[in-house]
Structures are given as structure tokens and as C-alpha cells.
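Start from the sequences and build out the full structure, keeping to the hints where you can.
Number of protein chains: 2
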Amino acid sequence: MDFPKSIRIHEEGPREGIQIESRQFSVTEKAALIEALADTGLKQIDCVSFVNPKRVPNMADADQVARAIRKKPGVRYTGLWLNQKGLERALALPLDVVGSIRVTASETFSIRNTGRDIAQTFDEQRLWMETYRKHDVGLEWGYVMTAFGCNYEGEVPVARVLEMIARIVDLAAEFEQPLTGVYLADTVGFATPLDIERRIGAVRERWPELKIGLHLHDTRGTGMPNVYAALRMGVDQFDSSVAGLGGCPFAEHKGAAGNVCTEDIVFMCEEMGIATGVDLEALIDCARRAETMFGHVLPGKVMHAGSLARFREAA
Amino acid sequence: MDFPKSIRIHEEGPREGIQIESRQFSVTEKAALIEALADTGLKQIDCVSFVNPKRVPNMADADQVARAIRKKPGVRYTGLWLNQKGLERALALPLDVVGSIRVTASETFSIRNTGRDIAQTFDEQRLWMETYRKHDVGLEWGYVMTAFGCNYEGEVPVARVLEMIARIVDLAAEFEQPLTGVYLADTVGFATPLDIERRIGAVRERWPELKIGLHLHDTRGTGMPNVYAALRMGVDQFDSSVAGLGGCPFAEHKGAAGNVCTEDIVFMCEEMGIATGVDLEALIDCARRAETMFGHVLPGKVMHAGSLARFREAA
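From first to last, the protein sequence lines stand for chains A and B.
1 is the number of the first residue of the first sequence in my numbering; add one for each residue after it.
1 is the number of the first residue of the second sequence in my numbering; add one for each residue after it.
For the record, the hints were derived by calculation from the structure and aren't laboratory data.
All residues carry an ideal CB built from backbone N, CA and C; glycine is no exception.
Certain hints may be false.
Here are the computed distance ranges between Cβ atoms for each label pair [stated by the list, open to error]:
#, chain 1, residue 1, chain 2, residue 2, range
1, A, R310, B, G115, 21 to 31 Å
2, B, R198, A, G154, 44 to 54 Å
3, B, E130, A, G277, 52 to 62 Å
4, B, E88, A, R198, 45 to 55 Å
5, A, R8, B, R198, 20 to 30 Å
6, A, Q120, B, E29, 54 to 64 Å
7, A, D2, B, A159, 25 to 35 Å
8, B, A314, A, D117, 16 to 26 Å
9, B, Y152, A, D2, 27 to 37 Å
10, B, E209, A, E270, 29 to 39 Å
11, A, A314, B, E29, 34 to 44 Å
12, A, G277, B, P208, 51 to 61 Å
13, A, G277, B, P178, 43 to 53 Å
Okay, here's the thing in C-alpha cells:
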């Protein structure tokens with residue numbers, strides 16, 4: 001066992017949660033949720049995505065939201081782009097543009113999700129790298145989507161994941177940009193904790209210098225055990241969503257499932273002595289606020305049960 | 001890592017789920033759910049509890065339910081009693097009475113939950129042991145409730161848990177009954193996977209011959225990581241509830257939380273090569289049936305997302 005002393009969370013709730021919701025939220029509501037999250041101690045918050053407003057009506061006002069947020073020093077407010085046009089929108093806004101390379105290990109998923117196959121995706125990434133250079137944006141993470149499995153292709157071989165990482169590493173080297181690490185994304189909820197151990201092990205064996213991050217969805221109940229398996233291996237970088245936002249298994253989004261839940265991760269880590277830098281009680285308040293805002297039950301657990309603080313005080 | 005080759009599940013949904021629900025179900029509905037569960041390959045199903053019908057109206061017809069179930073050979077249909085009177089009711093019914101010793105590590109919780117302190121509880125257990133002997137009922141498991149923490153007393157020291165197990169072991173020896181093992185019950189959702197590792201480690205060190213079982217509630221999102229941590233230590237005996245029944249965090253039972261979810265455990269285990277003997281697709285059907293019966297969303301994950309079988313077939 002090799003727990004990290006602390007973890008870093010990239011909060012994705014405002015983007016993942018809002019983009020999938022059919023109910024339309026105001027710019028004020030969106031900005032207020034982001035501001036409340038920044039007040040909990042979270043240091044990086046994904047605020048908006050730059051996507052087709054016809055497909056994702058709730059992101060039509062992404063620019064206004066980015067401008068409306070009252071920023072807190074020390075917090076990074078990020079956005080997600082899927083193409084060069086989105087990247088250019090992000091660069092024109094008061095957002096923290098963090099350089100990334102984003103590829104999908106499943107050819108079919110890549111085409112269905114972005115309209116580009118893997119080769120075309122790498123061509124697009126080259127454009128992004130040029131844009132980062134032009135705007136003096138540092139590269140940080142490479143992302144491998146569907147790194148565990150894919151609804152179209154089933155199991156994604158480990159060798160394919162390693163091949164994608166090798167190409168990411170090469171692209172970063174070509175542009176003489178240091179790469180912080182790679183995110184393995186369980187985009188559609190295939191991963192078990194055993195897969196986490198095996199795939200992280202395989203990546204580490206080949207690139208011991210790369211950090212590893214995880215983007216997990218709790219589609220089939222393995223989200224939290226996957227986090228735990230990664231913590232045991234010293235992984236200290238996680239994407240997650242307040243209240244488990246990001247495609248609710250209930251009500252209108254039946255079948256989809258949210259990201260692993262930020263406050264549940266914070267609870268588990270803090271209870272095990274792993275620092276998160278986040279005020280759990282404030283984050284629980286945020287999750288409850290999100291539930292009120294969304295108007296339906298959200299999948300987070302500790303937000304409904306409360307932390308253990310009151311029981312310890314009583315005892 | 002020391003995964004078991006297979007696990008045994010004690011399905012608790014019909015008892016845990018129905019006893020907490022305010023909506024009244026018919027004997028036919030209850031028996032039908034139990035029969036459907038037995039058809040999935042589950043080998044032990046907790047069907048009813050013998051409790052005060054004024055406190056738990058849905059268990060007023062426990063005797064009729066026990067008689068109504070069409071039994072399947074090779075399946076054990078159990079019930080839960082909390083006192084001698086309940087045990088005698090169970091013995092008079094067509095149920096599988098499995099000898100157990102049940103104590104609570106927290107004195108306060110013991111008094112609030114059963115009206116008896118720990119000393120009185122052991123006196124009561126002695127009566128049960130005499131009754132088992134009289135009726136030729138074999139002893140199997142000792143249960144330590146609140147083995148991780150208590151809402152009244154906060155943290156429960158490991159030493160207290162070991163003391164309770166020592167007294168259980170002594171009581172079994174006094175009656176010359178072999179004890180299969182001990183269940184550690186996280187009755188109110190305090191356990192983290194690190195606690196699971198530490199407490200199981202402490203029990204194993206002192207009693208390497210005892211098997212260990214876990215009764216977990218997913219109150220704060222640590223249910224599934226707790227199962228995973230236990231699997232890594234070779235634990236192969238779990239209580240769980242179909243659809244995560246047992247005090248829903250949603251709707252009418254806000255704040256309470258269900259047991260770890262049977263089909264989510266079955267999914268995770270089977271995906272990792274650990275046999276469960278359960279037909280996952282049939283169990284998912286059962287979970288969905290329970291959701292229809294209960295009339296509100298239940299917390300299970302894989303029941304909403306479906307298994308991976310259809311994606312593998314498509315690929």
C-alpha cells in the first residue's frame with residue numbers, strides 16, 4: 001500500500017452536470033455554483049464546454065458564464081474544448097487554459113463522439129499544440145478516453161492504451177513540451193479495480209516518470225473502488241463531480257451515470273488520512289445546493305447522510 | 001492481493017428493504033420477490049424479521065410470508081430475530097434457522113436498538129444457545145454490530161471489537177459448538193477501506209481459524225471500496241441487498257442508506273474473475289422488479305446502466 005499524502009481534485013460538476021441536463025439554467029445560477037465550489041478549497045474547476053449549442057443547449061452561454069464568475073485567487077477555472085474553434089473561444093475568455101492532448105483509444109467511439117478517427121484526432125492535436133505555443137500555454141496532461149472499454153468496441157486492449165500514450169509522449173516531445181502525465185478515462189464505466197491496477201501498472205512500467213490521473217464514471221458501482229485501488233497505488237490526481245453530477249442514473253437520464261462524486265472521495269480520503277485541501281462540510285452544502293438547483297435527487301452518498309463530524313462531537 | 005475464487009452472498013433485500021418501507025406490501029408481493037431472488041442462483045435469502053409490528057408494520061405478516069414462499073431446494077430461507085420470542089417464532093415456521101450469536105460493540109447502541117446492554121445481550125445469547133441445542137440447530141456465525149463506529153459513541157475501538165469476539169468465541173466453546181466465523185457489521189456506515197483492512201487484520205491475527213464476513217451499508221459511498229478491500233484480503237462472505245435496498249437515501253428515508261448492493265457486487269466480482277454463482281442478468285431483472293414494487297428509485301447502479309454483456313456482444 002502506497003497512499004499519497006494528498007490528492008488533487010479537478011472538479012467537473014459544473015461542466016459534466018450542466019451539459020447533460022435538459023432543464024435550462026441561468027448564467028447567474030451556473031456562476032453561483034462555480035463560486036460556491038471555489039469556496040470549499042477546490043483548486044481547479046471545469047466551468048463550461050465549448051460545444052455545439054444545438055446538441056448541448058445549456059452550454060450556449062458558455063462565454064457569458066466564463067465572464068460572470070467572480071474569480072478567487074489560487075483557483076483555476078477551466079473549460080473543455082473538443083476542437084480548434086473551441087480552443088480559440090477558450091483563449092479569448094477569462095479562463096485558465098490548461099494545455100492538454102485528448103485522444104480516444106477506441107476508433108469507433110472517437111468517430112461517433114468527435115467526428116474524427118484516431119489519425120485525424122492526432123492531426124487536430126498538432127493544431128492545438130501549435131496554438132498552445134503561439135499563446136504561451138503550457139502543456140500538462142494527455143487524456144486517453146475509453147481507456148478501459150467502449151460501448152462500440154467492447155474491451156480496449158492494454159496495448160492500444162499504451163500505443164496512444166506513446167503517441168501523446170511523442171507529440172509532446174516533438175513540440176519540446178514537458179508532459180505532466182496521462183489521464184486514463186473510463187468514459188463509459190467499464191473499469192473494475194483490478195483493471196485500474198493492471199492498466200496503471202502497465203503505464204508505470206513503461207513510463208515511470210509520468211504521473212497518472214483518473215477520470216471515472218460510477219456507471220456500474222465500481223467508481224469508488226476504482227478510486228481506492230488507485231489510491232493504494234499512490235495515484236493523487238482525480239477528476240470528479242460534486243454530488244456525482246454528470247449524467248444522473250435517475251429520472252431524465254436513465255442509463256447514463258455521473259462521475260465519481262467529489263464529496264464522497266473527499267470523505268473517504270480524509271477519513272483515511274489523505275489530505276484533499278477541501279472543506280468537507282462546505283462541499284456537502286454545495287452538493288445539496290446543486291440538488292436544489294437541479295431539482296431532482298443526485299447520486300452522491302455523503303451529501304444525504306452527512307459526515308461523521310456530528311457523531312464524533314456527540315461522543 | 002489474495003482474491004477468493006468465489007464468494008457467498010447472504011441476500012438481505014427482502015428483510016432490510018421491506019422492514020424500512022412505509023408502503024405496505026402484500027404477502028404475495030413479498031413472497032414473489034423472494035422467489036425471484038432464489039431463481040438467480042442466490043443460496044441464502046433473509047426473508048423476514050420478527051420484530052414489533054407496531055414499530056415495523058411491514059413485518060406483522062412475517063409468519064404468513066414465511067409460509068407462502070415456494071421453496072427451492074438448495075436455497076436457505078432465513079429470518080432475523082432480536083430476542084428469544086422471535087427465535088421461537090422462527091423455529092415454528094418453515095424457515096432455515098441458522099444459529100447465530102448477535103452482539104453490539106457499542107453499549108449505547110445496544111441499549112437503544114434492543115433495550116439491552118452488552119451484559120444483558122450475552123445473557124440473552126446464552127438463552128439462544130440453549131434453544132439451539134434443544135432444537136438441534138447448528139451455530140454458524142457470530143455478529144458484531146457497530147464494529148466500526150456508532151452514532152452515539154463515535155469510533156468503536158478495535159480492542160472493544162476483539163473483546164466482543166473473544167466473548168462470542170468463549171460462549172460457543174462453552175456450548176461445545178464450532179463457530180464458522182464472525183461478521184463485522186458496519187451498522188451505521190463508519191467504515192473506510194483502511195478500517196476494513198486494519199480490523200480484519202487484527203481479527204485474523206488473533207483468530208486465524210475464524211472466517212470473516214462483512215455486513216456493510218453504503219451510507220457514505222465507501223460500501224463498494226470496503227467490499228473491494230475485503231476481497232483483496234480473501235474475504236468471501238458478504239451480506240448485501242438487491243438494488244441496494246435497506247433504507248433508501250432518497251425520498252421517504254432521507255439520510256438512511258441501504259446495504260451494499262448485491263448486483264453491483266456480483267458485477268464487480270464476476271468482472272474480476274471471482275465466481276458468485278449468481279446470474280447477473282436475472283438479478284438485474286430482480287432489482288428492476290423491486291424498483292417497480294417499491295415505487296421509487298433504488299440506489300443500485302448496474303440495475304440502471306445494465307451489464308457489459310450487450311456491448312461485448314455488439315463488439
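So, going through the hints one by one against the coordinates:
1. Restraint check, R310 of chain A to G115 of chain B: a C-beta distance of roughly 25 Å satisfies the suggested window 21 to 31 Å.
2. Taking 44 to 54 Å as the suggested C-beta distance range, the pair R198 of chain B and G154 of chain A does not conform, at roughly 38 Å.
3. Taken as a hint, the range 52 to 62 Å holds for the pair E130 of chain B and G277 of chain A, whose Cβ atoms sit roughly 57 Å apart.
4. Range check, E88 of chain B to R198 of chain A: Cβ separation about 52 Å, and the 45 to 55 Å hint holds.
5. Restraint check, R8 of chain A to R198 of chain B: a C-beta distance of roughly 26 Å satisfies the suggested window 20 to 30 Å.
6. Our hint of 54 to 64 Å for Q120 of chain A and E29 of chain B holds, since their Cβ atoms are close to 55 Å apart.
7. In this structure, D2 of chain A and A159 of chain B meet the distance hint of 25 to 35 Å, their C-beta atoms being roughly 28 Å apart.
8. Checked against the hint of 16 to 26 Å, the C-beta distance between A314 of chain B and D117 of chain A comes to roughly 19 Å, which is consistent with it.
9. At about 36 Å, the CB distance of Y152 of chain B to D2 of chain A agrees with the hint of 27 to 37 Å.
10. One distance hint, 29 to 39 Å for the beta-carbon pair E209 of chain B and E270 of chain A, holds here, with the actual separation near 36 Å.
11. A beta carbon spacing of about 39 Å between A314 of chain A and E29 of chain B agrees with the range 34 to 44 Å that was offered as a hint.
12. A C-beta distance of roughly 41 Å is found between G277 of chain A and P208 of chain B, which places it outside the suggested range of 51 to 61 Å.
13. A hinted range of 43 to 53 Å for the beta carbons of G277 of chain A and P178 of chain B is consistent with their spacing of about 51 Å.
Violated hints, in rising order: 2, 12; the structure is consistent with all others.
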